[in-house]
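Novice: Line by line, the protein sequences are chains R and C.
If you number the first sequence the way the working numbering does, the last residue is 391 and the count never jumps.
If you number the second sequence the way the working numbering does, the last residue is 237 and the count never jumps.
Don't read these hints as lab results, they were simulated from the structure.
None of the values given here were measured: they were computed from a predicted structure.
Only true hints are included.
Think about it this way: if two alpha-carbon atoms lie no more than 20 Å apart in a straight line, the pair counts; the simulated DMTMM-like pairs of lysine to aspartate or glutamate are:
{"no.": "1", "chain 1": "R", "residue 1": "380", "chain 2": "C", "residue 2": "76"}
{"no.": "2", "chain 1": "R", "residue 1": "278", "chain 2": "C", "residue 2": "173"}
{"no.": "3", "chain 1": "R", "residue 1": "380", "chain 2": "C", "residue 2": "65"}
{"no.": "4", "chain 1": "R", "residue 1": "278", "chain 2": "C", "residue 2": "108"}
{"no.": "5", "chain 1": "R", "residue 1": "8", "chain 2": "C", "residue 2": "108"}
{"no.": "6", "chain 1": "R", "residue 1": "8", "chain 2": "C", "residue 2": "125"}
{"no.": "7", "chain 1": "R", "residue 1": "380", "chain 2": "C", "residue 2": "82"}
{"no.": "8", "chain 1": "R", "residue 1": "8", "chain 2": "C", "residue 2": "120"}
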Amino acid sequence: MLIRIALKNLLGARLRTILNVFVTSFSFFIILLMSGMYDGMLQHAKNVTIDTEIAGGAYWHPNYDPLDPMSFEDAHAIIPNEIKLLVDQKKAFPVLVSQASIYPGGRIMPAILKGIPPDQNIVNMPTQSLNGFNDGTIPVLIGKGMARNTKLKVGDSFTIRWLDVNQTYDANEGTVVYIMDTENFKLDMGHIWVPLDIAQSMLAMEEQATYVTYKTGLKEVNNKGDWIIRDVNYLVQDMEAIIEADKPGAQIMFMILLALAAMGIFNAQVLSIFRRGKEIGTLMALGMTRLRVVMLFTLEGGLNAVFSATATLIIFGPVLLYFGVNGIPLPLDYTEMGLIMAKRLIPVYSIGLILSTTILVSIIVLIVSYMPSRKISHMKPTDALRGKAIA
Amino acid sequence: MNKQNSVIIINNVTKNFPVGGEFFSALKNIDLTLDEGEFTGLVGPSGSGKTTLLNIIGGLDSATEGDVSVLGYSMDKTTHNERATVRRKNMGFIFQSYNLLPVYTVFENVELPLILNKVDSNKREKKVNQAIEWVGLGDKRNSKPNMLSGGECQRTAIARAIVHQPALVMADEPTANLDAENSHHIMQILVELNKELSTSFVFATHDEKIMGYLRRIVHLDDGQINKDEQVKNPKYN
Chain R
1 MLIRIALKNL LGARLRTILN VFVTSFSFFI ILLMSGMYDG MLQHAKNVTI
51 DTEIAGGAYW HPNYDPLDPM SFEDAHAIIP NEIKLLVDQK KAFPVLVSQA
101 SIYPGGRIMP AILKGIPPDQ NIVNMPTQSL NGFNDGTIPV LIGKGMARNT
151 KLKVGDSFTI RWLDVNQTYD ANEGTVVYIM DTENFKLDMG HIWVPLDIAQ
201 SMLAMEEQAT YVTYKTGLKE VNNKGDWIIR DVNYLVQDME AIIEADKPGA
251 QIMFMILLAL AAMGIFNAQV LSIFRRGKEI GTLMALGMTR LRVVMLFTLE
301 GGLNAVFSAT ATLIIFGPVL LYFGVNGIPL PLDYTEMGLI MAKRLIPVYS
351 IGLILSTTIL VSIIVLIVSY MPSRKISHMK PTDALRGKAI A
Chain C
1 MNKQNSVIII NNVTKNFPVG GEFFSALKNI DLTLDEGEFT GLVGPSGSGK
51 TTLLNIIGGL DSATEGDVSV LGYSMDKTTH NERATVRRKN MGFIFQSYNL
101 LPVYTVFENV ELPLILNKVD SNKREKKVNQ AIEWVGLGDK RNSKPNMLSG
151 GECQRTAIAR AIVHQPALVM ADEPTANLDA ENSHHIMQIL VELNKELSTS
201 FVFATHDEKI MGYLRRIVHL DDGQINKDEQ VKNPKYN
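With these hints in hand, go ahead and build the complete structure from the sequences.
Specialist: Here is the structure:
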């Protein structure tokens, strides 16, 4: 009986219902979009790292610690045979890492020198740009952020100084051959990329490497010497730790959005219910009990939530889908801030996010429908009939 | 009067309202008995206590002191839910400002008491159509209140009040918002229903036009009954 009356009330009150449903569905939309953008940002950061840097994983020289540049001096060796076989089969590529100093425009700057095979196609880096330079200069690939900091342009030359395997300082001219536009700041800031063979020659570390990055889907080799395998899970653990550490922040943001949505819904519901004081008085005069009045209005709130979820799907679903496919362009380049952020942020809507948002918004709608109707139903019917204001 | 046929028995009822830290007595020691099928008016100037008395009879308000028995139910001893049940099953209300639900059609407004009484849909449709025909709104059954005149709204309210054939209908200033023609039309409908259904009617009014239809007039002044007269030959009834 109540559901029939509630449905009739909602469908009968066209404009009021439309406004309530729109406010609630807009709240649904904003929460889904904002949370989806946040999840998308984190997911994107992980994807970019895998795409441009990690691929399937890597074999590290046992002394290599990417967070300790002092370790680079000792982190190089001939690649173990089985790993070398992967390299020969183009299933992996070696990288040689060393500290260096560069002198762009007469200034001295510390840098990480990395030698990489120009013809690799395992990670998404424009290393092919390092090909075809045989005039004795060192072709150098740098990122956009590095170019901005050093004021280097394509064709500019600058001095590179390094310490070779014999602890001898040496220097030569490097020429910027390409400036890459990458979202992964770890490939950009403080990095200079040169062809692997040139790096090996500069450092007098022929056939040596610091780590070997391999394709996705490869099994671990049996004989890898003392080199250490670092799979994707290990290599993205920093990223996941950041995501994990950021969870409370994400939850707070979710709660703030939810609270804002709740306030909007509460306003709409309270206004709607308190404006219907006379109607409630009439229902009581016709013999509806207080409990049934409360149930009726709470049920209306519940149906409002169902309508809102449907309206979100119909009205805002295509918008969410559009953003989910095409992304949202961001006005700033965040790489120089040390953030892996897409130029177009693609929101990710997980089932968990959709379910939790639907359930939470529905509960809020029920609560904000229950509270004012409970209060109004406790008025004397004579006061409700007069449309007396509620304190 | 025969107590067995009495639908309303009021003994020594007083109603006080708090006003600015003191109490204002809206009703003072009221004694009143109304029998089945009566067509009675509580008449008096504004502030005389007629609406308060009507609300107490209808269980919408409670007396500060005294006993109120309506249709055999002691209203001052029943719970809110029991009073709601008595109203739902045995009473009908007609309000000065109609109190129709604005989002419902005439049919749906009239249907509401039957839905609340859980009458099945076939019976419901028959009874609603019958009630709408009684009040002459057959052609307006799908109209919403904002499409009706004041007289049509009040006729809808009357149909809603009598559709479940209650033993007692209470009307609070039912013609106050209507012109003379509509007022007479409304009262003629109520007289017919009173005769046809033996429903008891209690009016709260100070409208002279209504008084010409009443068979009993209870005069209230300053919260007290100062005259209770039987009208042997009502002007229009």
